[in-house]
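Here the protein sequences come in this chain order: A and B. With this note's numbering, the residue at position 92 of the first sequence is 92, and numbering never jumps. With this note's numbering, the residue at position 44 of the second sequence is 44, and numbering never jumps.
Fair warning: there could be bad hints in the mix.
To be verified - DSBU-like cross-link-like pairs, simulated, lysine-lysine; straight-line CA separation at most 35 Å: (1) Lys138(A) - Lys79(A); (2) Lys22(B) - Lys263(A); (3) Lys22(B) - Lys37(B); (4) Lys13(B) - Lys35(A); (5) Lys33(A) - Lys5(A); (6) Lys96(A) - Lys148(A); (7) Lys33(A) - Lys46(B); (8) Lys22(B) - Lys63(A).
No lab work stands behind these hints, which were simulated from the structure alone.
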Amino acid sequence: MKSLKALQHALADAGHQIDILEHEKDLPLFTDKMKQAGLLPLHPTQPEIFQVNVGKMCNQVCKHCHVDAGPDRKEIMTKETMMLCLDVLANNPSFKTIDLTGGAPEMNPDFRWFVSEIKKLNRHIIVRCNLTIILANKKYHDLPEFFKQHAIEVVSSLPFYTQDRTDRQRGNGVFEDSIKALQMLNTVGYGMEGTGLLLNLVYNPAGAFLPPSQLALEKEYKDALLERYNIQFNQLYVITNMPISRYLDYLLVSGNYSSYMDKLIQAFNPVAAANVMCRNTISVGWDGYLYDCDFNQMLDLKVGCSGSDHLSNYSSSAISEREIILNQHCYGCTAGSGSSCGGAVA
Amino acid sequence: MANHYYNAEDLGKFGAIGEYQKEMADKFFAWYGEVFKDSALSAREKSLIALAVAHAVQCPYCIDAYSSDAYEKGWSESQMMEAVHVASAIKGGAALVHGVQMMNKVKSIAM
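Just chain B, same shape as in the assembly (with noise of 0.2 Å):
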């Protein structure tokens, strides 16, 4: 058992899920596979999406494989950041938009 909950090797063995439910994750891979090919947006631009989500929800294996495609995809180092930026810029207003909900909260209980 590892001392740390993250480990870049177990990138790697993400398909191995399929050990304990396969039938449910043969069915995700499947659809992984389906959302990520050239259809109405390109893979090169939802691999720039993908990057950007991967940030949001700070997930680090996602990080490392997105960051790759979207290089290997030609996006520029530049791109790639804005892309960042955008994540983090909706996940910022995302909670100061909650602002708004303190606001009314303390107006209604205010003198």
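So here's chain A without its partners, still in its complex pose (with noise of 0.2 Å):
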């Protein structure tokens, strides 16, 4: 399977993403919803994570990816940018979480060095691991023992507790993988009781459907993997799918793009609006833009402060002061009880 923009796909193109969200169905606009609510415009609170997509090559091709990102894709992170990173991140200390993504982050070949030099700024890292790169190749077996000398929390993908699912949205032979994977990091204590090793894990609905309680999921997910494949983790969190991108390409060819967007909107939580998780991050793109969400990144939709939105030139009070960019995918972060990386909000 290869990536859209590999493919030549039209959806590839973000403009052509948006121009559906906005024009394809006639839906209630996120802005009005949000004014309804109380909460247009969208402002930061105190920015707290700083994401960083090192780059969109990943060693999986899911379904449902919103990066669009395989190893076709060739958009790295240089060390040049990531020393800017480490240069706003030593100049703004309410900056407390660092979130490495991709792609698969640990495929670009700066990322242990960029993982050492944040540790030097005494930062809490998460680093969203697929868990399959752990047994892609030799070079990468030893990665839950580099997890563990830098106290980095592991956050990963693992659509359900079963292989059917799993498959489905990730490929052939991926859940397979992903319980060895499992097993390895709860080997050198990921997981486990009493280590502080956190292991999170990440749940998201394999179709077009909206993610059940995060709580009652959880209970499941550990017994099940416990009980199978006697594996333990400290928290799943529950995604909601977002509709752009691999997945918005599934739900428009599956026919279910018009019943997804109403279930989003019937779902529109004004508590989980007042917590959406770009309020307190920023997300940076591979080539040192700023967002105000992956999301975003993926939309090309750089924060609204003009001279002010690369590392080169980041302003902390412009990013404090700046209206979040809202557009219809937001509904996706909105639904239910809410979606954000770190899961519900509401």
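Join these two chains into a complex; the hints should help.
Okay, here's the thing in structure tokens:
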């Protein structure tokens, strides 16, 4: 399977995606919903999370991927851009958590150097590890040990605790390798009580439906993974699929776009809307541009502060005072209990 | 006026039944919501029961709603189909067990 970009698919163009979201179906405007909730314009709170997309290269090609990541994507953050990240972090201590994502972030050749440099600034690091990368090549087999040495919090997608649903979304063989990788992480102490090594899993629906209750599903995951594979983990984050990129393609091709958008809109929750992750997060693209979130990044919607939309001209005051850029895809973060990179928000 | 009896979009209008009798509709929806909460049975278990009952009562709206709900709550395709078989077995059995009544009647009138 290739990325939309490699296929020269129309949806590889962010502008085309936005056009579909705005015009494919006559939907109430997200900005009107936010206005009714007293949340327009939406401003940031205290910046706490510095999320860095270190590249779109990945060993997997998942059907729902909002990044359109895959082995054929060559966009990778350079060491020079990582150094710009480090400068911004050194000057902005309010960023307590550095969230490294991709693609498979570990495939960036400077990933380990970047992690070591961030640790020197005494920050908490999250790595969004797809699990299978640990087994993809011998050079990655020691990742669990590397994560442990740097006290990294590992957040990993496991769409379900059964092979069938996981492989349908993430590709054949992914479930089996994910289970092996989770066992390797458990072996070094991740997810085990008393170690302090956090291993959190991410559920996202394998289809055109919304996620169930985070708390109830976490219990099922814990029971099933322990009983069947002797695997332990800390928390389950339940995430709603965003109607962009490959998931948007799936919705359109399967004829589910209209009903899925209706579901998101009917489930709009003002409490979730007040707690959306873009309020305390800055998302950095592989080329150093700044966005309100990873989804806006993939739609090429840069932060709304002219003159400060890149690491090289970062202005903490401009970032703090900006208006967050909203569009129709934002319904994905405000449905039901809400959705963020850390799961439900309401 | 539609020229057919069932329309998938009507499911989304269920809440509007209160337009003609609000008090009873409000009570029904409050009770309905309470029934499906986690309690002695989990919401997940209740969803699978609802799916089976939906088939037994042959309600297309309920089948749509609880096929999605049960799948969302993590039941697999084979588990859902087994639940439908349970409903079907009870319906089939309910018809067949009346065969005893037929036999009783025949035996009472036959020489």
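Verification of the supplied hints:
no. : hint                 : verdict
1   : Lys138(A) - Lys79(A) : 23 Å, holds
2   : Lys22(B) - Lys263(A) : 25 Å, holds
3   : Lys22(B) - Lys37(B)  : 23 Å, holds
4   : Lys13(B) - Lys35(A)  : 26 Å, holds
5   : Lys33(A) - Lys5(A)   : 33 Å, holds
6   : Lys96(A) - Lys148(A) : 19 Å, holds
7   : Lys33(A) - Lys46(B)  : 33 Å, holds
8   : Lys22(B) - Lys63(A)  : 45 Å, violated
Going through the hint list in order, the structure does not satisfy hint 8, though it satisfies all others.
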